[in-house]
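S.K.: Chain H: place on chain E using the hints.
For reference, the chains in residue letters:
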Amino acid sequence: MSDNATAAPQAPMTASAPPGQPWSGRALAAGLRIGGLLIAILIVILIFTVLSKPNTFLTFSNALGVMRSMSTIAIVALGLTLVIVVGEIDLSFGYMYGLASILIGVAWIVWGWPIWAAIPLAFVAAAVLGSVNATLVTLLKIPSFIVTLGTGQLVFGTTLLVSNTATLNPAYPPVGKVVPEGEVDWFFGLSNQDLPFDIPAQAIWMLGVAVIIGFILSRSLFGFRLKAIGGNPAAAKLARLPIVKYKFAAFIISASLASLAALLDFAFIGSVQPNAGVSLTFPVFAAVIIGGASLAGGRGTAIGTISGALLLAIIANGLALLSAGSYLSNFVSGAVTIAAVVLDRFTQSLRK
Amino acid sequence: MSAGPDDVGLRIRGLRKWYGDTRALDGLDLDARPGEILGVAGPNGAGKSTLIKILAGETSADGGDIDLDGRAWDTGRDRDRVAVVHQEPQLFPNLTVAENLMVGREGTRAMVRGLDQAERSLLSDLAILEYADRPIDIVPLAIQQRVEIGRALARDARVFLFDEPNSALTQEESIDLFRRMHLLADAGNVVILVSHRIAELAEHADRVALILDGLCTAVLEGEARTQEGIAAGLVTGQAAREPEEQIVVHLGDDAATALRLDGWTHDRGEFTAIDLHIRAGEIVAIIGVEGSGARELVRSIAGFEHGRGRIEIAGRTGRSAIASATSLVSADRQTSLFTNLTIGDNMVSRLSREITVSGGALRFKRMHEIAHALREQFQVKAASIHLPIHSLSGGNQQKVAIAAAIVKRPRVLVLEEPTRGVDIGSKREIYRLMRAYASEGQAVVIYCTEVPEVFEAADLAYVVSDGRLSDALLVMNFADVEALARAVTRLERHSGSTVAAPAGVAGAA
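First to last, the protein sequences are chains E and H. So in the working numbering the end of the first sequence lands on 352, straight run, no missing numbers. So in the working numbering the end of the second sequence lands on 509, straight run, no missing numbers.
One chain only, chain H, in its complex shape:
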């Protein structure tokens, strides 16, 4: 496919999308040219996933134009032009590789047909011909992704959207995937790579677009397209810590140990030999991209991933300690809230003795009082605690989820991406609540993918890379978020290395 005068690629102008009161895309402009890999980077909630959903035809934009090769492209109707490859391929798990390639293009034939010549050579180009008769759900993820690419090539797709495609792949599989990305680009297709992995964007993308707050704020190319450039661009203008929010930690060396891990190793190897010591009163951020083991490490602290080794929480060890002394709020509100319950019921959903009399009957008045108190304390913007939970905005739903966990008074509060998909105002509130809880002498552990969140919310930060924990970064020693971002990026690159954390002990700002 040669780049003729009409082959100008993908041109997005003024793309807008609202979810209720939340602005996901605010007039985004973006160009993706044929023959290049366009990298897209941005923090969670910046609008990346909305952009992907619109291009994939899963949702429609509220405004703006999308042109493909000079003609208007209705992504919702003309889905054959785009292929989306991510870590959960959209294939038919019950069909074979060959059937997945053919499905939807059987034509009018009533009989099941075999692969034709073109399809065989396509599979052979992708080096998956040998898998043709295997059911898709038993072949490795990397093969499934190639089938996804094959499906798209078979129907003459033009735009290839790679959404965090290699977070669950091995090193070799990743290298192969990037090689195929370059081949697709060289063939004149529009290739877009969305990733949190800054190193890979710097290495493979010809240009890198930065998306912040629903806008494309910069496109880095040439000299500017470095890891440091991308990392700094992502945090620019964000998280200027306000003076009254200045975090001051005065923990002496005698502060009680809230959590101690020794030789803590994941049972499926996502992280290995972690030693970690968290004191009461601290907010500790564990940073790491998807697949680094950071999320699994954080979940294992609350007992929702299995670890081997020694874990001690508030002086007790073993699974019973974990169960009674930790509370987890997952990143996904689909798994942290009960949609069939009211706001108030959700707030007290983890309580038992506190809301019952000895016979097991509920004390409605007490449930009521607790929910009202939590609504005040967490400033949940709800007209009534008796409304359904889905009547709240995402930020307020998240406050309810955190409130339900905090009211159990865990010694270690574990939060996964506590402000994902949350508006800026609610973010500040949630950070304040985390701080208030820590200052009551409890420990808070958060899993983060965003450096600004670490900068605003945490006292200490650790980076997990390839399942290894870095040395501690003392957040207050960094003058600005850019400096912290540079340090985090350095630690992510040199996995498990001993890159010196800024010297200093707690309280030595």
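Chain E with its partners taken away, still in its complex shape:
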């Protein structure tokens, strides 16, 4: 069939198409959800402002600190959002984070690779993991929960093997190894660039990723079809949407953004250890869920996920300033996650 055979109907095209009306049915629904989340964030800010000592919580420098601390979770969660929207689950991103930082560290510091070769290695590993996940999910039809639960452990084992369970720091390479100083400066600069107003470089990276994922989800054919596939896989199959290809893309992007977050944290902290990333699973999922994505698939936005990560970061930061003890932070973030889903159920029952 030729190209023009799939063209849209020509004759009725001139029928009434009211100009200027926004394509906004779902945008409205999503907007309500995000609006509610922003109100929740404002309320939390208000509570901590009242409770905390003056000039500790509501300050410009603390706000920048919150932005930096949320960036890791936000970047990984933006990748996970794509996987969730297409109707799958990824539990391997935390271990991918660990493997990526260890691969960069070992290749660069122990094997003596130049940094420009060590960094791509982490993304090659991400592409491999994403492809393995997607292959098992789409071709062998194994539930993604099980697939990524398993591949996560495979990745973690690889990380421990490659790193020999050692912590690595380019400033203090192992005996007999030399890391060029120029490369160290450049690498640390990725996350420690001097920016106006002391804005953390990681926050800029986060915003960049958010803009790209936001474009994908709300403005691209890729995102449109991800939502269709996640919303009704059976209909997507009958409509011949490229389900397999898109699931590959979603899993690879998720693993790649975990690698990016690992790279930036390594550059910020200055050292890596093999068990980094293991504790990411909960906060990343919580950010996505609080942001309004549906674990059943078909629904999710970049701004929602970013807002979810922001809410969690504010809560963690505020409780830390109150010296509340870390267990309270667990209580609150767990409760907020469940509350967000309860609220979802409630608002959806209202709309019906």
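It is possible that some hints are incorrect.
Unchecked claim - Computed spacing ranges between beta-carbons, pair by pair:
#: 1; chain 1: H; residue 1: 171; chain 2: E; residue 2: 244; range: 37 to 43 Å
#: 2; chain 1: H; residue 1: 318; chain 2: E; residue 2: 244; range: 18 to 24 Å
#: 3; chain 1: E; residue 1: 338; chain 2: H; residue 2: 64; range: 40 to 46 Å
#: 4; chain 1: E; residue 1: 325; chain 2: H; residue 2: 18; range: 56 to 62 Å
#: 5; chain 1: E; residue 1: 35; chain 2: H; residue 2: 381; range: 54 to 60 Å
#: 6; chain 1: E; residue 1: 326; chain 2: H; residue 2: 103; range: 44 to 50 Å
#: 7; chain 1: H; residue 1: 217; chain 2: E; residue 2: 215; range: 46 to 52 Å
As the list claims (entries may be wrong) - In silico negatives: residues of chain E with every beta carbon more than 12 Å from chain H:
#: 8; residue: 114
#: 9; residue: 175
#: 10; residue: 184
#: 11; residue: 221
#: 12; residue: 241
#: 13; residue: 294
Don't read these hints as lab results, they were simulated from the structure. Cβ atoms here follow ideal geometry from the backbone N, Cα and C, with glycine treated the same way.
M.R.: Just chain H now, kept in the frame of chain E:
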């Protein structure tokens, strides 16, 4: 169980049910006596499945009375009195046959118990004792259905509802199932058989109730209870083709071939050695009951069932031809629409290059225009294309599903039961749209179970029976829908036979 004075069986009076604006049951009256098999026949959307759902306690009626043996029966609360046997048994697939029989009646015992004597003899009566320790999901469907019957007998059910029970059974399994139906009836139970298979209704049911438009229009018994009688009763008063809708086909012999099948055989044997030639501009109906292979044949044309043999679409062969030149709309709107998308998004959900710029960014204005144009063209009754798809009635949802397929401009548009669950007004609209698309020089293939639909919508009809395709019926050669129904019934009975189709070539009305 003897038929005492109170054992009057099932008595339904004035049963009503609405789904939104759609009237499913409109004051239906029906009696099912103990000791007989009551057949129920009716086209899709007539209210049969609603009646079954109400009796099974899956949904509640909006009005009317149901009495069982002289006492009011609340089907939603007292579900133990009814057993529903259909092609998807409602059993626990992870439990064994014996556990399925016992589950729910364990009493207060904390320990798992074995089968008691009564249960063993029950299983043995049903000839499934040997399967007792097998998981239910690995035993054949016929055995599962017997377990379903056993479960019902163990809890003293009174009403046995068989809903298209044998569409996936072999001949021998069907015969056994009907034998058990007769045994249940002889034991004084109320037995109701709902089926599309007119021959089986005529053979096994003592009386046959016809359900049309939410009413029981006739109960055929004795002499009237013949295949021809049932077939004619089902289409009476329907589909009087209006003059302006008279289908006129002027396809010469040189009309382009849209689809050609040679020796087309299903990979699991649902249909065999099909030769079919469909020309551009034609609407072709493939008719067949569930299990005949007709549905699989139609789906295979769009590549959603696997066939072997030769398929040629618009001059090209093989799977790539199928994928690029066909669009399928399934019978079930659960699998043809995206519930998380708006009406407009659903309409353009199959498009790609038409709605994007080269970088993959969506052209919202273009999506918008296409959706508005389709709403006009298909007369979708929607206040806005930005509303959720579930805000539409079933008929309008179906129009959106068909619109989404047509906008891809397939050479062969494949529709499965295009008007199932659709109101009469939308039906006419959908037939008009199918005709408009065919007249643009494309072919339309529809899978049908209803003769009136074939009569109103199609140019040619083929009947599939036991996986074999009949000769073509030229629809315009039939004066009325009853005549067509008789011909279809004849072809269904003589599977794969050479019963002569009415002579004539296209255009010779």
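S.K.: None of the hints should be skipped; say for each whether it holds.
M.R.: Each hint, compared with the structure:
no.: 1; hint: 171/H / 244/E: 37 to 43 Å; in the structure: holds, 40 Å
no.: 2; hint: 318/H / 244/E: 18 to 24 Å; in the structure: holds, 20 Å
no.: 3; hint: 338/E / 64/H: 40 to 46 Å; in the structure: holds, 44 Å
no.: 4; hint: 325/E / 18/H: 56 to 62 Å; in the structure: holds, 58 Å
no.: 5; hint: 35/E / 381/H: 54 to 60 Å; in the structure: violated, 31 Å
no.: 6; hint: 326/E / 103/H: 44 to 50 Å; in the structure: holds, 46 Å
no.: 7; hint: 217/H / 215/E: 46 to 52 Å; in the structure: violated, 59 Å
no.: 8; hint: 114; in the structure: holds, 33 Å
no.: 9; hint: 175; in the structure: holds, 51 Å
no.: 10; hint: 184; in the structure: holds, 37 Å
no.: 11; hint: 221; in the structure: violated, 5 Å
no.: 12; hint: 241; in the structure: violated, 8 Å
no.: 13; hint: 294; in the structure: violated, 8 Å
Comparing the model with each earlier hint shows violations of hints 5, 7, 11, 12 and 13; every other hint is respected.
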